[in-house]
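According to this note's numbering, the residues represented by the sequence shown are 1 to 155, in order.
It is worth saying that the hints were derived from the structure and are not from the lab.
Nothing here was measured: the structure is a model prediction, and the numbers come from that model.
C-beta: ideal position from N, C-alpha, C; glycine also.
Among these hints, one or two may not hold up.
What the hints assert, rightly or not - Straight-line alpha carbon distances no greater than 20 Å define the calculated EDC-like cross-link-like pairs of lysine to aspartate or glutamate that follow:
(1) K126 with D95
(2) K41 with D95
(3) K132 with E146
(4) K132 with E94
(5) K132 with D95
(6) K132 with D154
(7) K82 with E94
(8) K126 with E94
(9) K126 with E113
(10) K132 with E27
(11) K126 with E80
(12) K82 with D18
(13) K41 with D5
(14) K41 with E27
(15) K126 with E150
(16) K132 with E113
(17) K132 with E121
(18) K126 with E141
(19) K126 with E146
(20) K41 with E94
(21) K82 with E121
To be verified - Derived Cβ-Cβ restraints for the label pairs, each shown as a range:
(22) D154 with I51: 15 to 23 Å
(23) Q133 with V17: 19 to 27 Å
(24) E146 with L34: 15 to 23 Å
(25) E2 with G148: 37 to 45 Å
(26) R81 with D5: 37 to 45 Å
(27) G10 with A36: 31 to 39 Å
(28) E146 with L89: 16 to 24 Å
(29) E2 with P31: 27 to 35 Å
(30) G50 with H85: 13 to 21 Å
(31) G50 with D154: 22 to 30 Å
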Amino acid sequence: MEKIDVSLLGFRRAWAVDLPQVMRCLEALAPVGLDAASAAKVFQEQLHQGIQVWVATLAGEEVGSSSPPLIVGTGSLILERKLIHQGGLVGRIEDVAVLPISQGQGVGRFVVENLVSLARESGCYKVILCCKQGLIGWYRELGFQERGIEMRIDF
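Can you build the whole structure from these sequences, using the hints too?
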């Protein structure tokens with residue numbers, strides 16, 4: 001694949017038909033482990049729960065063709081209404097992933113910046129995410145700050 005011109009990327013909500021490409025992107029993040037039918041069911045559950053799955057698309061040279069655009073990145077935005085901050089909204093960014101052949105070309109930055117904009121436009125008083133230690137510097141470049149420590153229990 002040639003170098004991506006980020007100015008040509010599109011950003012939209014994912015559709016069910018996008019799932020095979022979304023899953024290819026997510027495999028760069030963690031094993032997906034779902035067949036197509038199971039992925040479709042999970043995707044419908046996410047939609048029902050209000051989880052917004054977004055995709056970065058690259059139309060390529062075949063603009064106007066009947067083939068779908070290539071999905072080169074994905075990320076999710078979860079909006080949570082809080083009882084604190086006068087019932088304010090918190091945006092949580094999850095599952096940011098870029099197709100391996102598209103990594104290092106600004107796609108991840110494009111996805112995160114768009115998700116942050118969506119959180120701001122939705123009226124969130126903050127947007128949060130968790131990342132691996134090695135990505136802290138990259139997220140700092142995008143304006144994120146370390147605040148607190150993530151705690152978890154894996155089952």
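### Query
Which numbered hints does this structure break?
Violated: hints 12, 13, 17, 23, 24 and 27.
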